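**Q** One-letter residues, chain by chain:
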Amino acid sequence: MIASSWLLVALPALGALVLLAGGKRTDGWGHLLGCATVIASFAYALALFTTLLGRQAADRSAEAHLFSWIPVGELQVDIALLIDPLSVTFALLITGVGAVIHVYSLGYMGDDPERRKFFAYMNLFVAAMLVLVLGNGFVSLYLGWEGVGLASYLLIGFWQYKPSAATAAKKAFVMNRVGDIGLAVAIFLMWKHIGGTSYAEVFAGIGDVPTDVALVIALLLLLGACGKSGQVPLQAWLPDAMEGPTPVSALIHAATMVTAGVYLIARANPIYNVTPTGQLVVTIIGAVTLLVGAIIGCAYDDIKKVLAYSTVSQIGYMMLAVGLGPFGYALAIMHLLTHGFFKAGLFLGAGSVMHGMNDEVDMRKFGGLYRKMPITFVTFGLGYLALIGFPFLSGYYSKDAIIDAAFGQGGWQGWVFGGAALLGAGITAFYMTRLMVLTFFGKQRWAELTDSEGREFHPHESGPVMTVPMMLLAVGSVGAGYFFVQGERLVHWLTPSLGELEHGAEPVLGHGTVVAATMTAVALGVVLAVLLVARPETPVERPARVSAVVQAARADLYGNALNEALFARPGIWLSRALVYVDNRGVDGVVNGLAAGLGGGSGRLRRLQTGFVRSYALSMLAGAGVLLGLLLMVRFV
Amino acid sequence: MFGAQVTALSPPSVDYTAMLPVLIVLGAAAVGVLLEAFVPRHLRWSVQVTVSLVALAGAGIALGAYVPGAPAQGVTTMVDTLAIDAPALFLWGTLLALSFVALLFIAERTVEPGGAFVSQAALRGAAGAGGSVSTREPETTGGRDGAAPADGARGMQTEIFPLTLFALGGMMTFVAANDLLTMFIALEVLSLPLYLMCGLARRRRLLSQESAVKYFLLGAFASAFFLYGLALLYGYAGSVRLGDIATAAAGSDRSDTLLFAGFGLLVVGLLFKGSVGPFHAWTPDVYQGAPTSVTGFMAACTKVAAFGAMLRVLYVGFEGVSWEWRGILWAVAIVSMAVGAVLGLTQRDVKRMIAYSSIAHAGFLVIGVMTLSDSGLAATMFYLLAYGFTTLAAFAVVSLVRDADGEATDLSSWAGLAKRSPLIAGVFTFLLLALAGIPLTSGFVGKFVVFSAALGEGLAPLVVLALVFSAVAAFYYLRVVVVMYFSEPAAGGASVTVPGAFTTVTIAAGTIVTLLLGIYPGFALEWAGAGGFAF
Chain A
1 MIASSWLLVA LPALGALVLL AGGKRTDGWG HLLGCATVIA SFAYALALFT
51 TLLGRQAADR SAEAHLFSWI PVGELQVDIA LLIDPLSVTF ALLITGVGAV
101 IHVYSLGYMG DDPERRKFFA YMNLFVAAML VLVLGNGFVS LYLGWEGVGL
151 ASYLLIGFWQ YKPSAATAAK KAFVMNRVGD IGLAVAIFLM WKHIGGTSYA
201 EVFAGIGDVP TDVALVIALL LLLGACGKSG QVPLQAWLPD AMEGPTPVSA
251 LIHAATMVTA GVYLIARANP IYNVTPTGQL VVTIIGAVTL LVGAIIGCAY
301 DDIKKVLAYS TVSQIGYMML AVGLGPFGYA LAIMHLLTHG FFKAGLFLGA
351 GSVMHGMNDE VDMRKFGGLY RKMPITFVTF GLGYLALIGF PFLSGYYSKD
401 AIIDAAFGQG GWQGWVFGGA ALLGAGITAF YMTRLMVLTF FGKQRWAELT
451 DSEGREFHPH ESGPVMTVPM MLLAVGSVGA GYFFVQGERL VHWLTPSLGE
501 LEHGAEPVLG HGTVVAATMT AVALGVVLAV LLVARPETPV ERPARVSAVV
551 QAARADLYGN ALNEALFARP GIWLSRALVY VDNRGVDGVV NGLAAGLGGG
601 SGRLRRLQTG FVRSYALSML AGAGVLLGLL LMVRFV
Chain B
1 MFGAQVTALS PPSVDYTAML PVLIVLGAAA VGVLLEAFVP RHLRWSVQVT
51 VSLVALAGAG IALGAYVPGA PAQGVTTMVD TLAIDAPALF LWGTLLALSF
101 VALLFIAERT VEPGGAFVSQ AALRGAAGAG GSVSTREPET TGGRDGAAPA
151 DGARGMQTEI FPLTLFALGG MMTFVAANDL LTMFIALEVL SLPLYLMCGL
201 ARRRRLLSQE SAVKYFLLGA FASAFFLYGL ALLYGYAGSV RLGDIATAAA
251 GSDRSDTLLF AGFGLLVVGL LFKGSVGPFH AWTPDVYQGA PTSVTGFMAA
301 CTKVAAFGAM LRVLYVGFEG VSWEWRGILW AVAIVSMAVG AVLGLTQRDV
351 KRMIAYSSIA HAGFLVIGVM TLSDSGLAAT MFYLLAYGFT TLAAFAVVSL
401 VRDADGEATD LSSWAGLAKR SPLIAGVFTF LLLALAGIPL TSGFVGKFVV
451 FSAALGEGLA PLVVLALVFS AVAAFYYLRV VVVMYFSEPA AGGASVTVPG
501 AFTTVTIAAG TIVTLLLGIY PGFALEWAGA GGFAF
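Residue numbers (full-length UniProt numbering), protein chains in the order written: chain A, 1 to 636; chain B, 1 to 535.
With the rest of the complex left out, here is chain A (with noise of 0.2 Å):
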């Protein structure tokens, strides 16, 4: 069973190999390849994980060597396959929401021209992605996180008529690349301080290794991690790259790929062990970005974009949970199993109402939908509410923890991250429901409008092909959460690869203590929307649950102006602040670097005059510089 594990990695790879290189031969029946390679794969994934979960705890992990890759000199890479709880979880979640979001697009991609393509990258995708979890080593790591980032550009730029999607890739690529050389140079010096760099080698010789290169080793690790998962600094490519299909934005950028960096951190484990240094900085960058990734969602418009400015936050939790070190790992990945489940829900959802809405994505333009898509606004619905953490919904049970464990690190560090992991879920709370408000009720604004080709708005509920896998996703986001967390399963199930957990410091604040407090910021963020948002129409269906809060604050206007002067003004100021550093100064420094590379290449053009004598003069000269410089490091 295990010895064939590669079957995982290689069904995928062939379907994408059969649809890219049998061409138009394969249009008829490609896509049903696509699905059903994902689904073997999928069935695989579920075998290998009953035949693991017959075996004792210590062994459930086991490598499948392949062949020898790069051996040179001390320097050996082989190619294997490391089967163990935390990689098959991976594969479990990759290959089951893959196979679910490749149905839907059967439904979503139905009437694109290029829909042999679309399946061919996204089985590529899922393979790539296979590689990145089941390699036993950061070489192999690094050939899926190329993959990825390689099928993550060719389906942003899916629809590449669109000049805004061929941008948005290449952004991507960039922005990725950034990362990658983080992550290059973090392989490299493994190597060169441990000598080996297959995890077993690399967690086996990290204590032996200087205290300061292990830091080092730990923060380029994370710039990686950075720029693949859109952390700060490295977001601003996330959002853009909704320009692709939806199901790639739910496939690739919610649940698998942008995962990939807490994927890194949490495999990477005993390095940050041994740097505390390392695990704050991880914890840093997951608060601000939670934090700055929540703000902004409130300030757009586009479904899409709030959604995705949702993921960059929701990651921001996990790297501030594998941060908190050992029992944060595991709280991590729950948190990444479960925002799998209800952000990939979410995004079909969207991806269900734009089909349905001539694919407008401005919410301003939606309104009253619930009636016309009762599906997905049930199905949307429950992925809204484990998102902001409703009792006993997935988010409820990963989320809150986190936010438990954050105040569970003691001292200065409890509060801090703590209370930005609690203002966090108030304001998720916040743009969610107004995202849910305007999407869902109201007014039915688009019955008064036309789309930008001049075409009525007929919304309509998507077809079952669509709606099936909506509905598989929202069982996911219900109850994934409590399954987990029942007799502490996903813990002791992971425990093989992460190591024993233990619970950290005293906590600042009792657990009781917490939970109260989260549902308080949850249901502040609520209120507090539904009072912007629904204004200056009574919404017509206003969530009973908060009608009475609503009405109270309501007695109040001073309050409410309050309320808006104190909370809603400094946060549209900040997101649009937010926003405006993110358009000007990341975007400026992206776009600036470029120009100035290409006027700086421009102007040293000029050098290449096509003349044998200016040729002859620059040879003598850089001669002359080259004898200078010898004689010179000699004599002086």
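For the record, the hints were derived by calculation from the structure and aren't laboratory data.
Bear in mind the structure is a predicted one, so any value in this text is a computation, not a measurement.
A hint or two may mislead.
What the hints assert, rightly or not - Below, a list of computed lysine-lysine pairs in the DSSO-like style, where the Cα atoms sit at most 27 Å apart:
no.: 1; chain 1: A; residue 1: Lys162; chain 2: A; residue 2: Lys365
no.: 2; chain 1: A; residue 1: Lys24; chain 2: B; residue 2: Lys419
no.: 3; chain 1: A; residue 1: Lys162; chain 2: B; residue 2: Lys419
Following the hints, complete the assembly by docking chain B onto the known chain A.
**A** Using the frame of chain A, we list chain B on its own:
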């Protein structure tokens, strides 16, 4: 080994078995010249192609038969002028394999009717003198429509085959030369045919001849540097043997000025051949002007030869004084990577773009050369093998994209190519990804092993710079991909000519090797790491 020097009268011992590959290649080149004189014109092409390919295959077989039983520390022969050791054997294998594929590309006759080479511009429009890069010769007599060729005017200049073999023989001697004088002669033997070959293009003759003259003038200039360096080193060490120079440098009381001045000049000559910045100025013009198949041969094989020789000179002759010169090569590597990566950004011509890419790659190779370790040696040689096949296949693809004027190398005419020829666009994308160093291509493995070796020797800042510059260079590789896939096809743009069997084999071999060395580089890395230099 040293017997020949001591007993002056005994004839030099020649290890014919070890030298057989070089002897076959040079012998076939001489036979090729005779064939040119005695074989009727209409038979020459087929006879020359057969002779050359058989000679290359024979040399390969001779090499293959010799390698398994070769002494581990290598042998020196011909009065110690040639050192046939593990690196030399690996580089010979690389050169033979690359030349075999390049020769097929050169022999192609269907893409350009009649073949790509002529000795003189036919008739019309040949009067123009001088000229600059932008001058374009009007197309010579209409061969496209299949008009009956005037006697010889449409035929291919078959001297190209013996010239290629001579150049190859020079390269093989160059990488095995154990003393600087032999190295200099080999340098001339490899360079002179190349100057000629650059000027033989059938189309855009002025550009082609201009490139040949430029290459010749600058090459002569660089040779002079090399020769002057050689003279100074002889003055210092009293010998031209690399081993003697190393011994002298270790324990001589003569002025070090001679040693370092000689070294500097020598290295300039070698860096020029390897198109390393700042001695790269000829590269874009020559790559652009030369017939594409010759460019492919040069880009792949000359690089192997130049860096092979550089490895030997630095490892054998100057390892002891590496502290003094390493800083200089730092600067050279940085300049080369920067020039290649940054100037490549604004190129509009695909051939020039690949030329700048080769300058950037030369910078990466310098990093490998500087390591002076066993793993660095193996890594650099592997990089040469990998890069050679990738770039050769890339030039072969470039030769297929044509419009009415011949090859359409301007980037704008490549717009939307993927829509018309998805296969060729896909292959070219793969090759560009290999040049950019994306995993699962040989380019990634090559960079990986070179950079790991460099880090092992404390060159970390250089490696970081190299990664940054390869990210910058990735940008222009990516731009070609974007143009091919994401742009609307230009009206009257280029189309892809169906390649003949020869070019097909070239592209297929280059692509397959690029993929194979990316997935399973083990056997090549093992061979490359088989042993060090003999001296």
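**Q** Taking the hints in turn, state whether each one holds.
**A** Quick rundown of the hints versus the structure:
About 22 Å separates the Cα atoms of A/Lys162 and A/Lys365, which keeps this hinted pair within 27 Å; it holds. Straight-line distance between C-alpha atoms of A/Lys24 and B/Lys419 comes to about 12 Å, which keeps the hinted pair within the 27 Å bound. Under the criterion of a C-alpha separation no larger than 27 Å, the hint pairing A/Lys162 with B/Lys419 is consistent with the structure, at around 17 Å.
No hint from the list above goes unmet by this structure.
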